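Mind docking chains B and C on chain A? Use the hints.
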Amino acid sequence: MKKFIHEFLRGIIKENPTFVLVLGLCPTLAVSVSVINGIGMGIAASFVLLGSNIIISLIKKIVPGRIRIPCYIVVIATFVTITEMAMKAYSPPLNRALGIYVPLIVVNCIVLGRAEAYASKATVMNSLFDGLGMGVGFTLALILISAIREFLGAGKLLGFTLFKGFEPVFVLGMPSGALLVIGLLLGFFNVLKNRKV
Amino acid sequence: MDAAQFLTIFISAVFLYNVILSRFLGLCSFVAISKETKPALAMSLSVMFVTTMSSIITWLIYRFLLIPFGLTYLRTISFILVIATFVQFVEMVIRKISPPMYRFFGIYLPLITVNCAVLGVAVLNSDMFFIQGKAVPGSFVYSIFQGVCVGLGYTLAMLLMSGIRERLDLCHVPKAVKDFPLAFIIASIMSLSFLGFNGFRF
Amino acid sequence: MEVSRGVKNKLIVSASPHLHKDESVSKIMWMVVLSLMPAGVAAVFIFGMPTLWVIILGVISAVIAEGIIQIFTKRKLTVFDGSAILTGLLLAYNLPPHVPFWLPIIGSFFAIAIGKQVFGGLGQNIFNPALVGRVFLMASWPNYMTAFTKPLNYDAITSATPLAIIKEGKILESVSYLDLFLGKRGGCIGEVCILALLLGAIFLLLKGYISWHIPIPYIFTVGLFAYIFGHQGLFKGDWIFHILSGGLILGAFFMATDYVTSPLTRKGQIIFGIGCGLITAIIRLWGGYPEGVSYAILMMNAATPIIDRYTKNRIYGTK
Numbered sequence: 001m002k003k004f005i006h007e008f009l010r011g012i013i014k015e016n017p018t019f020v021l022v023l024g025l026c027p028t029l030a031v032s033v034s035v036i037n038g039i040g041m042g043i044a045a046s047f048v049l050l051g052s053n054i055i056i057s058l059i060k061k062i063v064p065g066r067i068r069i070p071c072y073i074v075v076i077a078t079f080v081t082i083t084e085m086a087m088k089a090y091s092p093p094l095n096r097a098l099g100i101y102v103p104l105i106v107v108n109c110i111v112l113g114r115a116e117a118y119a120s121k122a123t124v125m126n127s128l129f130d131g132l133g134m135g136v137g138f139t140l141a142l143i144l145i146s147a148i149r150e151f152l153g154a155g156k157l158l159g160f161t162l163f164k165g166f167e168p169v170f171v172l173g174m175p176s177g178a179l180l181v182i183g184l185l186l187g188f189f190n191v192l193k194n195r196k197v
Numbered sequence: 001m002d003a004a005q006f007l008t009i010f011i012s013a014v015f016l017y018n019v020i021l022s023r024f025l026g027l028c029s030f031v032a033i034s035k036e037t038k039p040a041l042a043m044s045l046s047v048m049f050v051t052t053m054s055s056i057i058t059w060l061i062y063r064f065l066l067i068p069f070g071l072t073y074l075r076t077i078s079f080i081l082v083i084a085t086f087v088q089f090v091e092m093v094i095r096k097i098s099p100p101m102y103r104f105f106g107i108y109l110p111l112i113t114v115n116c117a118v119l120g121v122a123v124l125n126s127d128m129f130f131i132q133g134k135a136v137p138g139s140f141v142y143s144i145f146q147g148v149c150v151g152l153g154y155t156l157a158m159l160l161m162s163g164i165r166e167r168l169d170l171c172h173v174p175k176a177v178k179d180f181p182l183a184f185i186i187a188s189i190m191s192l193s194f195l196g197f198n199g200f201r202f
Numbered sequence: 001m002e003v004s005r006g007v008k009n010k011l012i013v014s015a016s017p018h019l020h021k022d023e024s025v026s027k028i029m030w031m032v033v034l035s036l037m038p039a040g041v042a043a044v045f046i047f048g049m050p051t052l053w054v055i056i057l058g059v060i061s062a063v064i065a066e067g068i069i070q071i072f073t074k075r076k077l078t079v080f081d082g083s084a085i086l087t088g089l090l091l092a093y094n095l096p097p098h099v100p101f102w103l104p105i106i107g108s109f110f111a112i113a114i115g116k117q118v119f120g121g122l123g124q125n126i127f128n129p130a131l132v133g134r135v136f137l138m139a140s141w142p143n144y145m146t147a148f149t150k151p152l153n154y155d156a157i158t159s160a161t162p163l164a165i166i167k168e169g170k171i172l173e174s175v176s177y178l179d180l181f182l183g184k185r186g187g188c189i190g191e192v193c194i195l196a197l198l199l200g201a202i203f204l205l206l207k208g209y210i211s212w213h214i215p216i217p218y219i220f221t222v223g224l225f226a227y228i229f230g231h232q233g234l235f236k237g238d239w240i241f242h243i244l245s246g247g248l249i250l251g252a253f254f255m256a257t258d259y260v261t262s263p264l265t266r267k268g269q270i271i272f273g274i275g276c277g278l279i280t281a282i283i284r285l286w287g288g289y290p291e292g293v294s295y296a297i298l299m300m301n302a303a304t305p306i307i308d309r310y311t312k313n314r315i316y317g318t319k
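Residue numbers (this note's numbering), protein chains in the order written: chain A, 1 to 197; chain B, 1 to 202; chain C, 1 to 319.
Next comes chain A alone, as it looks inside the complex (with noise of 0.2 Å):
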C-alpha cells in the first residue's frame, strides 16, 4: 500500500504534469480563467487518465509495438468521448465553458505522455495510482492557476466577487496574462526548488 500512496503522491509534487513536467500547457492556459472551469476540467482529464492508464496498462501486452501510439489514442478517445458526452448531458454550461478543449483532451500530452512513459510499462495497480496522482496533480494546478487569474484578474472568486472597488487587472483573463502567470510560477517553483538544494 504505502508503494502506492507514493505512487499517488508523485504526481502530484515531485512530477507535478504542469508545473515539473510542463506538460498538458494548451488546456491549462486556456481554462484556468476561473476557478470551476479549472476543476471541471481538472475533473474530465483526471477521469480520462485514470480511465486510460488502466486500459491501457491491462492490454500492454496484447498491442503490438508498431501501432502502438494509435491503439492508445483509441483507447484514451474512448474515454474522452464518454467524458464529452456526459458532460453535454449533465453540465451544458461546464461544457460551453470548456469548448473544444474537452475534446483536445485527447492530445493532452499528459495522457498520452503517461500512457506511453508509464501504464505501458507498469503493473495496472500501479498505473491505477500514478493516473490518480498526476489527475489530482493537474487539478490542483489548474486551481492554483485560475485562482490566482480569476481574483486579480475579475475580482472574483468562484464566481463571487470580493472586494469593492478592486480594478481587476484585466490582462490576466487573456491569453497573454494566463501565460504570465504560468511563466512567472515556474519561475517561481524553480527559485523554491534551487533554495532545497
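Rather than coming from a laboratory, the hints here were simulated on the basis of the structure. Fair warning: there could be bad hints in the mix.
[What the hints assert, rightly or not] Here are a few chain A residues that face chain B, going by a calculated C-beta distance under 7 Å:
id, residue
1, Ala30
2, Ser176
3, Val191
4, Leu192
These numbers come from a predicted model, not from an experiment. Note that beta-carbon positions come from the ideal geometry of N, C-alpha and C, so glycine has one too.
For chains B and C alone, kept in the frame of chain A given last:
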C-alpha cells in the same frame, strides 16, 4: 466565397487568434522545440503540411460520413484517428523516399500527431464552417485555407520565438527563469503585442 | 566597435556605423532623457500640473523597482545609469495626462520587472520595456488608458484624440496642422507636442546618438500608406495628418531607435523601420484601435533577432 472572408481567416489565424499565442494549441512542441531555428522551421513546415492535409481529409469525412449517418458525436475519435494514420503514413513515405530527410525530421513527425494545433484546426473547421449540420457555401475551400493559415501562424510564432531564444542563449539570464519560465514570459509579451490587431475590419 | 549587448565573451565587431564612438551606455541614456525634456515641459504646460505628477511617479517607480529587484537578487545596482529613468520617463509619456496615481507606478514596475530585469537586465531585453509596460496597462485597464482630456484646459474635460475621432468615421473639425504640431490636442503626455519632440530628436541625430535609418523609413512608410489608402479613396489620404498624429513621432525617434531592441545593421534597421511603419499603418487604417505604434514596435522587437540573423555584416576578407 469572397475575398474579405479569406483575408479575415488569414489575419485571424496568423495574427489575431494565433494558434499558439492566443489559442494555446501546440504549446508543448512550441516550448520544447523553439530553442533553435532550424528544428523550429522543420517542425513548422511539417505541422503546416499536416494541418493542411488533415483539414482536407477531416472535412470530407465530416461532410460525407459523419453527418449523413448522424455520427457527429464520433467526431473526436474519427478526426484523431485520421490524423494519426495520416502522420504514420507520411512517416512511412518519407522513410522510403528519403532516409536522410527522415532522419532529419526524427522524432518531430510522430510528435505532430499529438500537436493540439492539428486536431484543433480540424475541430475548428467543422465548428466554423458547418451550421447545424449543413456546410456553409465555400466551406471546403475555407477549411483548407484555414488549415494553411494556422500552419503559417504556427510558423510565425515559432520563427520569432526561436530567434529570440537563440539570442538569449548567448546571455546570462537569471537562473530561475532560464528556459521554460522565460519562454512563457516572452510568449506572453508577444501575445500582448499581437492584441494590436484586435477588431480588424477590411 | 558596436556596444556589446551583454553577450558573454563575445564582442560583436562591425565596420560601421560606429554610432556610439567612445560614449558609454550611461551617457547615451542620459542624453536621451535630456532630449525628452522639452516634450515633458510642453505637456505640463498643455495639460496642467497632474501631468508632472504622472511623470515623476513613473520615473521614481522605475528607479525603485530596479533597485528593489537588483538588491533582492544580489546583483549590481545600476539604477543611476539612466536607463531605468529613461524607461520610467517613456512609460509616463505613453500615458494620458490624468490617469490615477497608481497607474504609472504599476506600469513602471511591470516595465522594469518583466520588460527588463527578467531577461537579465540592460542589454539583454528583447522588448522595449516602456512599451511592455504600456501594453500591459492598456490590456489591463483600457478604460483609464483611453481617457484623454482637452488640451489647454486644466479642468480635465474628456475629449477624444484626433486619431480616435477619425477611427469612428467622424470628420475632424477645429484641429489644424498647426494644432497638431504644437500639441493643442488630446493625447498621451509625451506624444502631443511635435515641436518639442523634434527639438530633442534633432539634437540626438546631430550628436549621433540615434541615426535616421529607423525613424525616417518608419515615418515615410506610415505617410505613404496613409496617402495611398487614407479613407477618402485611393491616393487621397491625409498623410500630413497621420504623421503628426498619435505617437508616431515619439515612437519613431525615441522608442523604435532603442539600440538594445532594434537591429544592429543599417539594412536591418531600415527593414525594422519599414516593418514598424507597415504594422502601424495597417492598425490605424483597418484595425480596431486608433493607434498602433506601441504594438508595431513590440512586434518588430520580436522580429529583431531574426532580422539580425539574416542581415549580419559580412566580415571583410571572407566571401
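Cross-check of the supplied hints:
For alanine 30 of chain A, the interface hint holds, the least distance from its beta-carbon to any beta-carbon of chain B being 5 Å, beneath 7 Å. Using the Cβ-Cβ criterion of 7 Å, the hint placing serine 176 of chain A at the interface with chain B is satisfied: the shortest such distance is roughly 4 Å. Evaluation of the valine 191 of chain A hint against chain B yields a held restraint, the C-beta minimum of about 5 Å falling below 7 Å. Interface restraint check: leucine 192 of chain A against chain B, minimum CB-CB distance 9 Å, threshold 7 Å, status violated.
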